[in-house]
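Let chain A serve as the given structure and place chain B on it in line with the hints.
Chain residues, written in single-letter form:
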Amino acid sequence: MSNTIEVSGQTAQITLSGSVDINTTGELRNAIQAVPTSVKSFVINASDVSYIDSSGVAVMLLVKQVAERSSSSFAITSVSPMVMKVLELAKLDQVFKIQSVASEGGENKPAAGPSTDFSDLF
Amino acid sequence: MAIELDIVAEFLEAYGQSGDVINALDSALPKLVDHVGCEAGSFFFGDSASSELVCQSCVGPVDIRGIRVPFGAGVVGRVFESQAVDTVESVESDKDHQRSVDESSGFVTRNLLTLPVTFKKSAIGVIQLLNRSTDAADVFPAPFIQVAKALASGLALGYHSAQITDQVRENDALLRDVELAGTVQEALTPTIPEGLGFAAGILPYKQLSGDFYDYLEVGSKVYVIEGDVSGKGVAASLTMAQAQVLFRTFARANRTCQEIALLMNSELYRDLGVSRFVTAFIACIDRESRVVTCVNAGHGEVLKLEGSGESMHIQSSSPPLGIVGMSDFQPAEDVFPFGDWRLWIVTDGISEAELNGAEIGMDGIRAIAGRYKDLSLQEALDSALNLIRSKKLATRDDATLVIVDTQAIQ
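Protein sequences appear in the order of chains A and B. Numbers 25 to 146, taken from the numbering used here, label the letters of the first sequence in order. Numbers 16 to 425, taken from the numbering used here, label the letters of the second sequence in order.
Calculated directly from the structure, the hints in this document are not laboratory data. Incorrect hints may appear among the rest.
[What the hints assert, rightly or not] Chain B side only, calculated, beta carbon under 10 Å to chain A, not exhaustive:
1) SER245
2) PHE292
3) ALA312
4) HIS314
5) GLY315
6) SER331
7) PRO335
8) ILE338
9) VAL339
10) LEU370
11) ALA373
12) ILE375
13) ARG381
14) ILE383
15) LEU402
Cβ atoms here follow ideal geometry from the backbone N, Cα and C, with glycine treated the same way.
So here's chain A without its partners, still in its complex pose (with noise of 0.2 Å):
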């Protein structure tokens, strides 16, 4: 799993997957900022993202960012539940229009539910 870049022709298609965080999109970052000014479209595919932090949707609001300085366009073409939880909790989803929510991967990190049991905790 990994975060990666691919131009062709005007368009940057931007493939988020696994775990974006702080130590997966370093380079990311660096490639979206240096992507040729030819480029005029700018896509997002989040689908089979399992986690994302604060530094996974810093690197979407720069995409975001970086196209609206050129007069490209963007899309969110698809997000995986996950992503697209943390997109609502923070109220980001005022921020990007999302195209898709893609169906619950197998590789989502499991999350407690009312039903979980919690004494191991005390």
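Using the frame of chain A, we list chain B on its own:
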């Protein structure tokens, strides 16, 4: 072979004592030149910043230290690029030989042996030996080249070692800076006096935290903020300090929580501009009107647990601070009269902490808050943070907890 080892050993010993590669070479190069019967010798260092080879050490009738040759130019440039040993038995027949150096120095070059100095295939520079006096047809026989190669290897090792030493020194300096920044950050994290109606604690995951909390007492009001800056390290800690200053400035002006959020957003949106942001929960405990007003700006859910056991989540009403401009930033206030309830405000280092491999989420926070509801405010805070300290809860992030309890106001 003994003499080669002696020369290299002497070079390494001199380097070990002085820690200066050129100083060590200055003492070893004359011995090499003398041993192989040459008139002169020099070492050129490849300066990638200027794309030039610079003579740093030389021995012979003319001092050429400081002379510069562009990469690829002359015989030294050729060897630096090819990284192959190069013998020129008569410079008359070599097209790359730079006669201008001879003309300006008065030195007459007849023959040359030039060797690359490399470490792990990375070129460091070249050694050049000039004017070997011999009647033999083979001016630079194999054993002769072997000696020079041995010194070149020793030199490469010395250079590499020097580079590592420099790097360690730089890292040490950086670590000292980070340590200092951590101390400054700790000083910016206030100790909360008892009786204000809230308790707060922070467990940085590493030396520098991206989380913070702060408070300011203004008349009958106590303003409280818990924040989380995106990213980590020194840059995040600078943003954190900026956010704290903004909070204090606007709280001191007796602004409402909504106004504080709006003004902080406006400043951070103008200044950050590099996809950095701050999630924040801002509360105002007003002891005169006996209400708690709060704003959640992208900070995730906050638990409000009643004494009866009922609970609700205070959702974020706006994106985090610093992302959108004024027109798109409209945080809403929640107002709660004083009563038998507590607010549990956590950063994601707690809500995303794991128990038995599963993220505890708000259900876990609810379970913890319920378990400690009968403890004093400070005891509840300490007990909750101890779950992380004791590693019962596993986290990969800074963990910050603020608990508001109006019944604890004195």
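We went through each hint and held it up to the structure:
no., hint, in the structure
1, SER245, "holds, 4 Å"
2, PHE292, "holds, 7 Å"
3, ALA312, "holds, 8 Å"
4, HIS314, "holds, 8 Å"
5, GLY315, "holds, 5 Å"
6, SER331, "holds, 5 Å"
7, PRO335, "holds, 6 Å"
8, ILE338, "holds, 6 Å"
9, VAL339, "holds, 6 Å"
10, LEU370, "holds, 6 Å"
11, ALA373, "holds, 4 Å"
12, ILE375, "holds, 5 Å"
13, ARG381, "holds, 9 Å"
14, ILE383, "holds, 7 Å"
15, LEU402, "holds, 6 Å"
Every hint from the earlier list agrees with this structure, and none is contradicted.
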